[in-house]
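K.L.:
So the chains spell out like this:
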Amino acid sequence: MQFSNLNLDYFSILPEIITALAGVILMLIDAFSKKAGRKLSPMFSLFALVATLASIIALWPRASYTASFAGMIVNDHLRLYFALVIVACGIIATLLASQFLDDEALPPGEFYALMMFATTGMLMMASAGDLVMVFLGLETSSIATYVMAGYRRTDLRANESSLKYFLLGSFSAAFLLYGMALTYGATGTTNIEGIRQILIAGKVIYPQMLLVGVAMMLVGFGFKIATAPFHLWTPDVYEGAPTLVTAILATGPKVAVFAAFLRVFAEGLGTPTAPAVGAQIYDNWINALAVMAAIGMTFGNIVALAQRNMKRMLAYSSIAHGGYTLIGFLTTEYAPVGFYMLTYALMSLGAFAIVQMLAREGDAKTEISDYAGIGFEVPNLSFPLAIFMLSMAGIPPMAGFMGKFYVFKSAWVSSPNLRWLVIVAIINSIISVYYYLYPIVVMFFRPPVSDFTKPRLSPMSQLALAITIIGTLYFGLFPNGALKVLQQKTPGAQQVAVQK
Amino acid sequence: MKEYLPILVVFLFVLGFAVTNLVLAHLLGRHRNTRAKLMPYECGIDPVGSAHQRFSVRFYLVAMMFILFDIEAVFLLPWAVIFRSLSEKLSRPFVYAEMMVFLIVLLVGYIYVWKKGVFEWNRG
Amino acid sequence: MLKWITFAPLIGALLCGFLGKKLGEKFVSLVACGSVAVSMVLAFFAFFTKLLPLPEGQRVVTEHFFTWIEVGTFRADFAYLLDPLSGTYILFITGVGLLIHIYATGYMHGDEGFYRFFAYLNLFMFMMLTLVLGDNLLLLFVGWEGVGLCSYLLIGYYIERQEAGDAAKKAFIVNRIGDFGYSIGVMVAFTTFTSVSFVDKTIGGKLIPSLLTQAAEKPVEAVGAFGIMTAIALLLFVGACGKSAQVPLFVWLPDAMAGPTPVSALIHAATMVTAGVYLTARCSAIFTRSQTALLIVAVVGAFTAMFAATIGIAQNDIKKVLAYSTVSQLGYMFLACGVGAFTAGIFHVMTHAFFKALLFLGAGSVIHGMHEEQDIRRMGGLKKYMPWTFKTMMVGWLAISGVPLLSGFFSKDEILWQTWSSTALPTGLTKTLWFLALATALLTAVYMTRLMVLTFWGKERFDVAKDEGHHKTEHHEGEHHAIHPHESPKVMWIPLVVLAVLSIVGGYVGVSAAWGGSNAIEHFLSPVIAKAAPMIDTAHGAAAATASHAAEAAEAHHDVTTERIFTGISVVVAFLGIFLGWTMFTAQPLRKMPSLLENKYYVDEIYDAAIVNPILGTSRNFLWRILDVKIIDGAINGIAHLFGETGSTMRFLQTGFARSYAAIMLVGAIVLILYFTFR
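Residue numbers (my numbering), protein chains in the order written: chain A, 53 to 552; chain B, 7 to 130; chain C, 293 to 971.
One chain only, chain A, in its complex shape (with noise of 0.2 Å):
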């Protein structure tokens, strides 16, 4: 490795430096004052996710394909817009955690920090230009969202989810860094650009076994994003977590994980035009990720059909949204991706809180059957629920449907190969309707059951249910702000060669 170019640019990484240091910090606070960090924790929290997010604003203006870092570090404006949506999703996330802490009796101080670090791994990934960042990336946002899986440790159900995701996890993290491995024993190098060039230019090494390491990395990413056959540990650890740990679980790792999947196969190996076996692997990742999101949303929505368990029921919409997903990802265009994880983010997140808030202590009432008849006794959980559930079955003009056409109208217009996958797609939304109505059905028109209360609402929450409920309607009343920015660039478009 050369270090002419390495370019140390520590403005570009500053968003992931305010928030590892955030997390330090918060670490500390509460080894030395339980009670500071009680109080001190998510004001904290959420001052360093702000000042995130205003680095990540002020770092547009200089999105370019730059490499930093000697190429570790990207900054264009796939990074960028994702960071966005991670950031985004933790401050949501924070705004509910001290309920939930509360309510639940637990902790405070280390839920905030291993929430700091899972989203500097997050960003991480987001703004990894190399192999062995998207890997660091994706461990470090993991190991910490393990432990939150667990964090009411008392709980049985909670540790099944954390042992099961850490054990599944490790399990597909060895995939992944064996097929980065072989990978870079195939291309001779880590960065993901650099392998772009080597398969255009036709320089691979040992063919065959770049195609097993992109395969190996296709089921490290599959697992993450949780698609079929890599989707099965999501019921279970979605089911186990605390309501919140899950609401995490399903947005911001799947948004990072869908940005660094971009970078490394949609710009890294989205090489149709290569020489040899640069357009043989296109054709495959692009062959395999269509059956897998095929079966993926299928298997999803067919299988929610069954659950009568909240959770679990979202657990497979969200393996049959990150099926939709991926038609959009098979566009090999960020910008369907981009959307689509914004508004299921803001969806998810939303229904998740409720679910959360309604559920009571230790998750005892989240069964649909425990939603009957709340509807007009707290309305203002219920209207917010049912707009989710809309959304989520893409009913306009909330933000899930905009989504939903969006990447559909992308795949149906890029390539005549996607609309049978993009048929599906429709028709798997409309058996979706039936088990997104299924809540609505019952908080409305079932009669209540007794033993009801109205539970409590932090202002901190209400804030964070008013986020999510406004972005809902607001990305489908007015998408445009954000495509706009989605349209600024696409990968691949001004590429500058970096140094080999």
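Since the hints were made in silico from the structure, they are not lab data. Be aware that one or more of the hints could be misleading.
[Stated by the list, open to error] Below, a list of computed lysine-lysine pairs in the DSS-like style, where the Cα atoms sit at most 30 Å apart:
#	chain 1	residue 1	chain 2	residue 2
1	B	K121	A	K87
2	C	K295	A	K536
3	A	K86	B	K122
4	A	K91	B	K121
5	A	K91	A	K417
6	A	K91	B	K122
7	B	K122	A	K87
8	C	K313	A	K417
9	C	K314	A	K506
10	A	K536	C	K498
11	A	K506	C	K313
12	C	K723	C	K510
13	C	K318	C	K782
[Stated by the list, open to error] Example chain C residues on the side facing chain A (calculated, C-beta under 10 Å, incomplete):
#	residue
14	R408
15	G435
16	L445
17	D471
18	F472
19	V478
20	F482
21	L908
22	I956
23	L958
24	F968
25	T969
26	R971
[Unchecked claim] To list a few chain A residues with every Cβ distance to chain C over 10 Å, as calculated:
#	residue
27	F99
28	V102
29	L509
30	Y526
It should be emphasised that the depicted structure is a prediction, and the values quoted were computed from it without experimental measurement. Backbone N, C-alpha and C define an ideal beta-carbon position, used for all residues, glycine too.
Guided by the hints, dock chains B and C onto chain A, whose structure is given.
P.N.:
What follows is chains B and C alone, placed relative to chain A:
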């Protein structure tokens, strides 16, 4: 193959060191065998029988602490070796600062686990 | 201005929804009716001062609100378009809507969900007007889904009734099947025309003509040719079938009668269900480019008309009869579209809105007066108790039956004549369709007469038919002796009177030339409606055929005598139907109807057995219980047992799960690697 010769030398040296120590211990040491001493693994958990039994989580904590600081040492060594040559290519404060960041992060972690009472074996 | 037509009800909905519970019934009634009244006044104002003064052929008023989505070459605006077609629609939507709102303040009086009901109803008005005024297919879809949502909420309005919730869900899901066609249709349309707008738009600096203009320039695809225009038209028609309850997607509409009666009148008779006809007429430029599509539309329409009419004869629930009648009338409208007479279809939409809303509101009044009794077998002799309801419903009955000089007569006659004389379809087919339509007209007169006779004439049967069994009587068990029918309050029967007047005079905007009229409505609408090309005879040269058929068509158009004869035939049929119904059902009101018809040809049962149960069963029993739980977990646990790990299986069950998941992942990984390396 010539460049691998030092590795072979180190390998032989390590092997010799271990064997010599074992032999010396056997020759010089006093042999008073108790039941505990004859167990294959002297301290910790009985390795025979079901692996599915509960044992204290502190074993893991200590093991993890060990690995962390072990890696610190492993990482420091090559840094020290190439410090001079690297400083010529890059700026010296940079090379120095990078390692300091790493050490500070570890130090903070150390303070954290200390305050959390990980090293107090008898607590609780 | 156009946006206030739609936003007035939206504001009303928000006010009712958020403040209605606190401020009470008076406030809600005032806001709900007031907002629709504002909307109606504005609609009339816009129509008569903005649209009509424009020269013929250029009657287009657009209003850009904001650009909704613009990416690359795709653009959809939040913009409204007022032209003769949407103008006609907003007039009767707001007009009939206002009357029904006023009626509903009486009908829903005292209901604890009063504010909720009007919030939904106002929201519906907003969505329906957005549907009609939207200037592109995507905004139309917002209204399309929005009315579906409101319909869902209102069908399920009586939350304590299980069947209401089920019916609501059914309506929504069946509609989504239609939406499937619609969504793909929009995408195919976009890839074909790079536009989804009904007006010309500047996209990315380039002026893209509207999709209708572009469609009109495409060559006509003959019957049997399955080109891109046929694909788009048929996909959109799938959507229209869902919304407008055509075979095979009609099943939700009769069930939707579980909602309050004003809802049935407004949504499930007068407005929402005609959205499919609107779509077809709006996209007439696309439909007329494909003769296959026209043929299918016509056949589906005629078949639905006949099919639903036969079921209607055998129903005993007053609202169910009207529901099947609506399905049947919608079939008529599609038949009109299918034979290329889109204006006749829209004409019928309008007159149907008047007389069907009247009939439904009348039925609601009867139900109200009979204390929630809906079974016509337990009515009879009501005309002396409810004079106003009786008189107004009589107008509706005669109008729908096609008695001359009432509105239904003109529009139905127009459809029959256009079907007979159409050149857009093969001649043999048009004659068959005409015959079907005529038979349907006969049946319509029969079942409507049955309804009237059983309700208003004959002996009072308020406590009979209890033993007939299969009617739900849970509300009235033991109290049926106390039924004393009474006339509804003024606030309910005054709208009936207004609608009755409209049902009488509403047809005079479309009196055909053969009867000395000028057919104003056809004249008015025709600039925005594409003409169907004459039938292309594929065997001979298309050009020659076009010429000869065109001449033929022109000749047929002037064939006034034939048209008069056919009008005579339909008059005879109408009176014959009424006579048959009268003699049959005054003599024996409770005669047994064929059970096949009474059970609606068992369509629901067939759908359940063929579609619904298999999917749910697969989900529950196979994918989840077996594949997810048994096979995956079981297989691995089984292996574990095989290797002798029998001890404390229960305790380590969880480990088994994780292991099995890992095993599946491994299999997946191996398959992937093999695919990558050996492809």
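K.L.:
The structure should be examined with respect to each hint, and the outcome stated for every one.
P.N.:
Do the hints match the structure? See the list:
1. K121/B to K87/A: holds, 15 Å
2. K295/C to K536/A: holds, 26 Å
3. K86/A to K122/B: holds, 11 Å
4. K91/A to K121/B: Distance ~20 Å between K91/A and K121/B Cα, so the pair holds.
5. K91/A to K417/A: holds, 28 Å
6. K91/A to K122/B: holds, 19 Å
7. K122/B to K87/A: At roughly 14 Å apart (the allowed maximum being 30 Å), K87/A and K122/B satisfy the hint.
8. K313/C to K417/A: Holds, at about 29 Å.
9. K314/C to K506/A: Holds: K314/C and K506/A sit about 20 Å apart, inside 30 Å.
10. K536/A to K498/C: Measuring from Cα to Cα gives roughly 18 Å; hence the hint holds.
11. K506/A to K313/C: holds, 19 Å
12. K723/C to K510/C: Holds, because 29 Å separates the two Cα atoms, which is no more than 30 Å.
13. K318/C to K782/C: holds, 16 Å
14. R408: holds, 8 Å
15. G435: This hint holds: G435/C lies near chain A, its Cβ roughly 9 Å from the closest one there, short of 10 Å.
16. L445: holds, 8 Å
17. D471: Interface hint status for D471/C: holds (7 Å vs cutoff 10 Å).
18. F472: holds, 5 Å
19. V478: holds, 8 Å
20. F482: At about 7 Å, which falls below the 10 Å cut-off, the nearest Cβ of chain A leaves the hint on F482/C intact, so it holds.
21. L908: holds, 6 Å
22. I956: It holds, given that the least Cβ distance between I956/C and chain A is near 6 Å, below 10 Å.
23. L958: holds, 8 Å
24. F968: holds, 4 Å
25. T969: With a closest approach of 5 Å, the T969/C hint holds.
26. R971: holds, 6 Å
27. F99: holds, 34 Å
28. V102: Given a closest Cβ separation of 29 Å, the condition holds.
29. L509: holds, 18 Å
30. Y526: holds, 12 Å
The structure fails none of the hints (numbered hints given earlier).
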